[in-house]
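**Q** The lines below spell out each chain.
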Amino acid sequence: MIWPHKDLVAISDLTRDEIYTILDMSTSFKEISRRDIKKVPTLRGKTVVLLFYEASTRTRLSFELAAKRLSADTTALSASGSSFQKGETIMDAALNVMAMAPDCIVIRYPYAGLPRKLARELPCSIINAGDGTHEHPSQALLDMYSMREHFGTLEGLHVAIVGDIAHSRVARSNAYGLKEVGARVTVVAPKTLLPPGVQTWGVDVSCDFDQVVKDADVVMMLRVQKERIEEKCFPNEREYTFFYGLNKRRVDMMKPGAIIMHPGPMNRGVEITHDAADGNRSIILNQVENGVAVRMTLLYLSLGGNVNGD
Amino acid sequence: MVIRGGRVIDPANNFDELADVSVRDGRIEDILPSGTSSPEGEDVIDATGFWVMPGLIDMHAHLREPGYEYKEDIATGSMAAAAGGITTVVCMANTHPVNDNPSVTQYILRKASSVGLARVLPVGAITKGLNGRDLAEMGLMKQAGIVAVSDDGRPVESAAVMYRALEYAATFSLPVLLHSEDTSLAARGVMNEGALSSRLGLAGIPAIAEETMISRDVLIAQYTGVPVHITHISTKGSLEIIRGAKQQGIRVSCDTTPHHLLLTEDAVASYDTNYKMNPPLRHEDDRHALIEGIRMNLIDCIATDHAPHAADEKALDFDLAPFGIIGFQTLLPALMKIHLEHDIDFSQLLACVSRNPARVLGIEGGTLGRGSRADVTIFDPKASWTLSEEMILSKSRNTPFIGWTFTGRVVRTILEGKTVYRAD
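In the order they appear, the protein sequences are chains A and B. Residues in the first sequence are numbered consecutively from 1, following our numbering. Residues in the second sequence are numbered consecutively from 311, following our numbering.
Just so you know, the hints here were simulated from the structure itself, not pulled from any lab data. Among the clues, some could well be false.
A short, non-exhaustive set of chain A residues, derived as facing chain B with CB atoms under 10 Å [claimed, not checked]:
id, residue
1, Thr89
2, Tyr109
3, Pro110
4, Arg116
5, Ala166
6, Tyr176
7, Trp201
Each residue gets a CB set at the ideal place from its N, CA and C atoms; glycine is no exception.
The task is simple: from the sequences and hints, build the whole structure.
**A** In structure tokens:
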């Protein structure tokens, strides 16, 4: 079977079967990273350009290692997205990169919509590594992979996503993806950090973390940024942490077997304390490991690999 | 000059019949039953099958000169207006420098008169440099030729300043045109706030950003007794506030734009910045309410908010690109579309771009009455055509309507008896 997508812009572009295909294939790619010689020739001769116009260490490194372990040639370019306010536009930059004939561009960008536009206008594969507050599909896929690896299934899992839902691309991608595969999602935040129209997402919405934390199989914490205080989304870190932080008290309230996730980078002491982040419920580092495997799958499929791996 | 055999539609005189229009010395000489004019020795324009209407008045446009001539200038703006059947262009003050003193007003008028393709009527700023604080020289600007005041583009935040400004404008009988928007609520928003903005990851401009400010401005109008005109309303809620105000006898009028009557926020899903404007495109519910607002005469005027921006500005990300689209050449075809799709009497729509803005602004024009200035637009109601980039006469081409097929096309525009546009 041929993978039907040139690009990966948004989780909402994938069907349930396609999501499962990615998750299934990622297991064999994960095995490669555990070998002594962590390299296969699958993408030899392919060029992957990583364009990161927003600070990122984890995602960039993860994509870069994924490409290298498949033998693709990679080049990473990091710059500030704000340089596009005037003069050269991002499209100029993208067309310049395209002129050097990459097979795939992995893009991280501070504003929503660019990956969609690039996918439409450029012949190479575009993988969205996060665009503004829109989507971060590879993160959602690695999160789903990690949940399924832990629980054996996604169907019927209750996933609480807690924090700055309004400004989180991770929350959006996870909410769409998890809903598609039959998990139940509750987003938890003060109303000021819930996006307008969240009731149309098909998720449960709560402002009461204490109640949700008792019932969730997965508690996924999101980073909350200090600038939200200036935007009057909450008064200060003290109050935020009190009501929406994952601390020892709340960890103890969690169901037996329930796990803790975080897409990183963490604000320790704000949305998550070390008891939660480093305790035995945490699968945060598994998420990071699985990220490489899932991104190997995404590069492989986007660059024309067959679904069965042959 | 005699314009023969057309359907003459003149809302100002409740006139809608086949008739001949004779023009002498730049004025309407007479309207005669069709075929009874005696055109010996006259310049005869055969308008058989066409609609003959007063030259349109666009009461909200940005001509960008002085200061932003790379987007548009008075010459290109006038050409585009003429091609759109618009003979009077009311241009906003947010130029560079701002039109907040009589020198800038005079400069605009001099440029417009040397171009001579449209009557350009400048709007002066309410506050100096649109700073929202210090009153501009409204009186001196009125002497120089402004027809209204507005801080369009940078709405007056302070209620105290607005209160004073209304009183001061009334001193000189200057209409006040308000872009009512609470900029603290609009914040960094770039599209209508709601489920779609959340899905697209774009910051929203809530309807209340417009509605709370309209409420404030209407209350200040009531308190002072000074009339206000709210420009480009975009929500159902705004219309309700204006309906209530009118019912109470508060002197408030309003306009909306062709794009708010034709488009909804759904178009933003493409991230195409030609759907980025302020106020933003709203829900279908809002659009529908605006259409009904026109039908029920609650909305007085339709104005383009013609806002040219260069291609490289509109090529920026949706978050960064400037607000606004051009609109002169699509105004009348858009009205035709609304007429055909929503069964609103064409002469009612025409009133929104002729008689009504003339009344709101207290200016001459918008009529084909005997003795009035011969500003005439001749329109082929049957022509079907598709807008392409090359047809655009503005310096900028930022319009979402490229590729749209319209019914009805301007064939000739006459300004004070002189033809300023003729379709080839």
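**Q** Are there hints from earlier that the structure breaks, and if so, what are their numbers?
**A** none
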